[in-house]
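Enquirer: Turn these sequences into a full structure, and let the hints steer you where they fit.
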Amino acid sequence: MKRYLLLMLSAAVVVVLPSCTTTGAAGEMDNGPAVQARNAAIAGEPRGDWYVGRRYFTEKCRYWGYLRKPGQTWETAQLVVMDEGRGVLTPDRVSEMPSGDGRAHGFDHNYEYRVWGTFTGRRCYDPNADLQVPVFAARKYEVINARPGFLFSPKDRYDPRYLPAREAGHRTESRR
Numbered sequence: 347m348k349r350y351l352l353l354m355l356s357a358a359v360v361v362v363l364p365s366c367t368t369t370g371a372a373g374e375m376d377n378g379p380a381v382q383a384r385n386a387a388i389a390g391e392p393r394g395d396w397y398v399g400r401r402y403f404t405e406k407c408r409y410w411g412y413l414r415k416p417g418q419t420w421e422t423a424q425l426v427v428m429d430e431g432r433g434v435l436t437p438d439r440v441s442e443m444p445s446g447d448g449r450a451h452g453f454d455h456n457y458e459y460r461v462w463g464t465f466t467g468r469r470c471y472d473p474n475a476d477l478q479v480p481v482f483a484a485r486k487y488e489v490i491n492a493r494p495g496f497l498f499s500p501k502d503r504y505d506p507r508y509l510p511a512r513e514a515g516h517r518t519e520s521r522r
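Numbering (our numbering), first residue to last: 347 to 522.
None of these hints come from the bench; they were simulated from the model.
Be a bit skeptical, because a hint or two may be false.
[As the list claims (entries may be wrong)] Here are the simulated EDC-like pairs of lysine to aspartate or glutamate, each with C-alpha atoms no more than 16 Å apart in a straight line: (1) K415 - E488; (2) K486 - E458; (3) K406 - D505; (4) K406 - E442; (5) K486 - D429; (6) K486 - E430; (7) K415 - E391; (8) K415 - E458; (9) K501 - D376; (10) K486 - D395; (11) K406 - D438; (12) K486 - D438; (13) K406 - D476; (14) K415 - D395; (15) K501 - E421.
Expert: Structural data, given as structure tokens:
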């Protein structure tokens, strides 16, 4: 009887195991059909002297989000801090607590923007994120899409309390 149960269990494992898949490690690139279709659309973007930005809000962190050049995929994007002293104020420059219209700092999470400006050549330390990120001085923002879909992978899950998964390996060396 024991031998029969062991044989049945082994057969079940052989049948079920090949159907198991992994979602991949943090930072591992997803190259599924949704990502391929999105990257094909990006490849056809008009080129210009602007950046494509995606706002990424994380509670208590001061980085703004990701910037990439038109035509380049999101995998090439850099997480940035905006220099509002040398540039214009960010579009979500409102109270950190919801106001009468319900908007608060970070209301534009995941909005996609066309952003004109320049990298300053400086890096800024965000102590709550424990990251050194490049500083960008924006001259102008223009909303492209308020609901653009996923940023890096359709498998990504957003939680405003946590850093983006792809940044986990970029933390400041002395604090790892």
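Enquirer: Now tell me if each hint is right for this structure.
Expert: Hints and how they fare:
1. Restraint check for K415 and E488: the C-alpha separation of about 15 Å stays at or below 16 Å, so the hint holds.
2. Of the supplied pair hints, the one linking K486 and E458 holds, its CA atoms being roughly 13 Å apart against a limit of 16 Å.
3. A C-alpha spacing of about 13 Å is found between K406 and D505, which places the hinted pair at or below 16 Å, so the restraint holds.
4. Of the pairs offered as hints, the one joining K406 and E442 holds, with about 10 Å between alpha carbons and a cut-off of 16 Å not exceeded.
5. This hinted pair checks out: K486 and D429 have alpha carbons roughly 12 Å apart, not beyond 16 Å.
6. At most 16 Å may separate the alpha-carbon atoms for a hinted pair to count; K486 and E430 meet this at roughly 11 Å.
7. Restraint check for K415 and E391: satisfied, since their Cα atoms lie roughly 10 Å apart, inside the 16 Å limit.
8. For the hint linking K415 to E458, the alpha-carbon distance of about 13 Å falls within 16 Å, and the restraint holds.
9. A distance of roughly 8 Å separates the Cα atoms of K501 and D376; the hinted pair therefore holds under the 16 Å criterion.
10. With a C-alpha separation of about 12 Å, the suggested pairing of K486 with D395 holds against the 16 Å cut-off.
11. Our distance criterion of 16 Å between C-alpha atoms is met by K406 and D438, whose separation comes to about 14 Å.
12. At roughly 13 Å between alpha-carbon atoms, K486 and D438 fall within 16 Å of each other, so this suggested pair holds.
13. Distance check on the hinted pair: K406 and D476 sit about 11 Å apart at the alpha-carbon level, within 16 Å; holds.
14. For the hint linking K415 to D395, the alpha-carbon distance of about 9 Å falls within 16 Å, and the restraint holds.
15. For the hint pairing K501 with E421, the CA-to-CA distance comes to about 15 Å; that is within 16 Å, so the pair holds.
When each numbered hint is compared with the structure, no violation occurs for any of them.
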